[in-house]
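Participant: Protein sequence lines, in the order shown, are assigned to chains Z and Y.
Each residue of the first sequence is one higher than the last, beginning at 0 in numbering that gives the first Met the number 0.
Each residue of the second sequence is one higher than the last, beginning at 0 in numbering that gives the first Met the number 0.
The hints are simulated quantities; they were obtained by calculation from the structure and are not laboratory data.
Heads up, a few of these hints could be off.
BS3-like mimics (lysine-lysine), calculated; alpha carbons at most 30 Å apart, straight line [to be verified]:
no.	chain 1	residue 1	chain 2	residue 2
1	Z	Lys43	Y	Lys7
2	Z	Lys75	Z	Lys62
3	Y	Lys149	Y	Lys361
4	Y	Lys149	Y	Lys205
5	Z	Lys55	Y	Lys7
6	Y	Lys205	Y	Lys708
7	Z	Lys62	Y	Lys7
8	Z	Lys65	Z	Lys75
9	Y	Lys295	Y	Lys149
10	Y	Lys668	Y	Lys215
11	Z	Lys64	Z	Lys43
12	Z	Lys64	Y	Lys668
Derived DEER-like restraints, expressed as beta-carbon distance ranges [stated by the list, open to error]:
no.	chain 1	residue 1	chain 2	residue 2	range
13	Z	Tyr56	Y	Arg367	24 to 34 Å
14	Y	Arg6	Z	Arg83	34 to 44 Å
15	Y	Glu13	Z	Arg83	15 to 25 Å
If we take Cβ atoms under 10 Å as the criterion, some of the chain Z residues that face chain Y in the derived model are [as the list claims (entries may be wrong)]:
no.	residue
16	Pro29
17	Arg33
18	Trp39
19	Ser41
20	Arg50
21	Glu71
22	Gln73
23	Lys75
Backbone N, C-alpha and C fix where the C-beta goes; we use that ideal spot for every residue, glycine too.
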Amino acid sequence: MELLLAIRSASTFQRTTNDFLQMQHGSLYPALHRLEQRGWVSGKWETAPDRNREFKYYRLTDKGKKQLVVEESQCKQMAAAVARVMWPAAEES
Amino acid sequence: MRWWQIRKRDADLERELRSDLELEEEELRERGLSPENARYAARRALGNTALIREQTHEAWGWAPFERLSQDIRFAFRQFSKSPRFAFVCVITLALGIGAQTTIYSVVHAVLIDPYPYRGAMRMVHLHLYDKDPAPYDLALDGPQFVQFAKSPVLDGAVAEDVYTMALTGAELPEQLQVGRMSPNAFDYFGVPVLLGREFGPSDSDKVAVLSYSFWKSHFAGRANVIGQSLQLDRQNYAIIGVMPQRFAWMGSDLYVPLAYSSDPRRPANVYARVRAGVSDQLAEQALQPMLYSFAKETPANFPQKFKLHLVHINEIAIGRFKGFLVVLFLSVSFLLVLACVNVAILMLARGEARQAEIAMRKALGAGRRRIVRQLLTEAALLSAAGGCLGVLVTLAGIRLVQNLIQPLPSIFPPEAEIALNLPVLIFSVGISVLTGIVCGLWPAMRLSSTELRQAFDGGAHKLAGRRGTRSAHTVLLTAQVALTILLLACSGATVRRLLQLVHADLGYEPQDLASVNLVLREGSHDQWADRIHYFEQIRESIAIDPNVLSAAIGSLPPSIIDSTPVAVPALMGASGQVIAQQVSPEYFTTLRIPLILGRVWTATETAHAARLALINDAMRRRYWPHADPIGQTIVLNNGVANGNVWRVVAPGDDQHFLVIGVVGDAPNKGLGEEVSPGVYVPFTMMPFDGFTVVVRTHGDPVSLLQAIKEHVHNVDPGQAVGDLRTATDLLEGDSLGRERFVARLFSGFAFLGLAFAVSGLYSIQSYLVAQRTRDGEHDPEGTSEVGNQR
């Protein structure tokens, strides 16, 4: 949830990832809307506490949280698998 | 997500994008950029907003609908740019569909399947053939019928005799056609009654079910008719039901139960329905042995050596159109082909004209699938519009035909009801819409194999048109013109035949000529001398009317009468078939058939049944081409006169006749057919229980019927008089009606075909002209290149 709040602009996202992940700004919207379409996030217009105007906030739904756990574990497995292939010796030791 | 939320969601996305853009801009300004630079940088960071929106829409799953609505809007813009093309396309499709479906529906409804009866396509007449080309109808007595109907190859059978009975009780008796049907009849036909109930096996003999037309004409369609009674031949019958309009079996006025006896002298005609899945041939083979055993029981009801032949009930009507039907269906199909060819030409010409436009769109980044989809939408819209209009044209066409041929001419079964044939409508809409779509897609298909440069290649190349396209156009146009010429030729031939028949030399004068039919009450005047005296009395009573020039006994030509074997003993074994007619001596003067040679028999000779004959000129040419036929002897019907319950035979029972004269030819095999050898003998030879009086009148004969009825009433108050039929009506019903129907249909085909050909030629020409004009405008060197071409 914090992650999604944090990436409300592309430059923020880039700063968060130490400019490592270069993101095409526009691809964010279809992705977000696809998540919303599946019911994993819900968007709502709210006034930001630090600025005097409305932004659209996306929050994880309960369904989204469950999905996040699934995706997270899949990510971890993927990362582990990549690591085993790339650095087999390091893994053994 | 619902489609009506699209706008709201889209506005929301717009706001989201704008808000993020502003946020980015603000952040960048806070990091020290100038406001202008910050705005540009923010935009760069966000990217192509149109693309973002499109991709987001894709995520929402709307893209296909959006593209469709875009395509449709674009298609309408295209149509409004060239409305003439769209109009011609839609009209051609609509007319093609409408004409084909209407004509096919009418032909199907009046000829192919006109009957409302259950399993009508399997219902048959049972014809027995011996050497005589004219068939006998199968007739069985009661017990035989019961056994016959149980045959495993049949799905039921019905026994029926149509009698002429007199409707008595009113001042003047009226002659009615009464169908006496076996009690299972209504179950067999499977048509529910309109009012009341049918009769069944448990009913008494004295109940009647009315036909719709009789109910309308005699009871003004009143519902309280059920339970009333009517008098037939002075006996009361209770009315128990009324049949619907389409139940018109044998054209009877009303139906009463057939009291089925085992009296072999009282057989009834039998009709049957073949079981589903049993071929006619199989049924004939299975029934033949049963009929042979019946023939042994009751030899009088069967010809000597016979073979059973099944004739489907619709073949009788179709038979009148023999030879026409195939041509008719081919022509109807040609019409649809013509319409499709026309649409193809239009679509191809237009596709050719749009090559450059399509190439341009491809150059601007449209994918091939996108272009195909666009053209498909255009073609589908045009075709759908044509299809919808086609359905409307069909409905209007059928309504028009219903109004035009009401009542149905007598050449068609009275059961027929003209209605839309749905499968044919679906087929013709389907095929024309498919043609439109396939030909509309053609430019997109073409372009895939064409280089862009080629499509833009102006001047000479374009002017000449691509070779492939030109040959496609040529083939289509040639086919169209050829089909049209074929239709025009057909139409010309039918019109010429009609004119020939209208102006044919009949051999008699049909104007102011009419006949009335009279049938004796059952069992009355059954002695020969009494019967011929009665006939003559009635003829005389009609002849004395001041408006009647002359009256004679004998039927009106062209009446198709079964032929009779003839032999000429003097000409060693010369024999053949003749049309023999029994007439009174006034017949020739009444019809104005000229006497060529010899004399006509006298009234005294008629009354004594003198064996004297007149022959027609065709007979003279056949047997005595160079000799004098007067004084020769001919033998009719192998020398045997067959009497039965319906006819009595003159005393002497001799069929040797002395030829005393030759008369002119009058059609005796139907109009437009060659006249067969014919023999006229005195009507007193073998008087039936019914006869026809022919009258020549001053002025219109129709108004004379009432007077004739009164004259007959004075002779015998119980004698009913049938309908009066004029010679011109008979001619119309016999052949002219058919010829007129066919000629009208073909003229209609030819006219539509011609219209299609003209519009096809016009579309190609206008396309070529438009292309040359455009080339001339765009390409300054065009003129010189045209010169080079030459």
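Participant: Keeping to a limit of 30 Å between CA atoms, is the pair of Lys55/Z and Lys7/Y held or broken?
Facilitator: 15 Å, holds
Participant: Would you check whether Gln73/Z satisfies its interface hint, that is, whether its CB is within less than 10 Å of any CB in chain Y?
Facilitator: Because about 21 Å separates Gln73/Z from the closest Cβ in chain Y, which is outside the 10 Å limit, the hint is violated.
Participant: For the pair supplied as a hint, Lys65/Z and Lys75/Z, confirm whether the alpha-carbon distance does not exceed 30 Å.
Facilitator: Answer holds: Lys65/Z to Lys75/Z is near 16 Å, not above 30 Å.
Participant: Going straight from one Cα to the other, do Lys75/Z and Lys62/Z come out at no more than 30 Å?
Facilitator: The hint holds at about 20 Å.
Participant: Using the Cβ atoms, figure out if Glu13/Y sits within 15 to 25 Å of Arg83/Z.
Facilitator: 47 Å, violated
Participant: Take the C-alpha atoms of Lys64/Z and Lys668/Y, compute the straight-line distance between them, and say whether it is at most 30 Å.
Facilitator: Violated, at roughly 96 Å.
Participant: Can we keep the Lys75/Z interface hint, with Cβ of chain Y closer than 10 Å?
Facilitator: 27 Å, violated
Participant: Can you verify the interface hint for Arg33/Z: is its Cβ closer than 10 Å to any Cβ in chain Y?
Facilitator: Where the cut-off is 10 Å and the nearest Cβ of chain Y is about 4 Å from Arg33/Z, the hint holds.
Participant: What's the verdict on Lys149/Y and Lys361/Y, does the C-alpha distance respect the 30 Å limit or exceed it?
Facilitator: Judged against 30 Å, a Cα distance of about 75 Å means the pair is violated.
Participant: Within a Cα-Cα threshold of 30 Å, do Lys205/Y and Lys708/Y meet the stated pairing?
Facilitator: It holds: about 27 Å lies between the C-alpha atoms, which stays within 30 Å.
Participant: Compare the distance between the alpha carbons of Lys149/Y and Lys205/Y with 30 Å, and conclude whether the hinted pair is satisfied.
Facilitator: With a Cα-Cα distance of about 27 Å, the restraint between Lys149/Y and Lys205/Y holds, given a limit of 30 Å.
Participant: Holds or violated: Lys43/Z and Lys7/Y, Cα atoms, limit 30 Å.
Facilitator: 14 Å, holds
Hint violations for this structure: numbers 3, 10, 12, 13, 14, 15, 18, 19, 21, 22, 23, all remaining hints satisfied.
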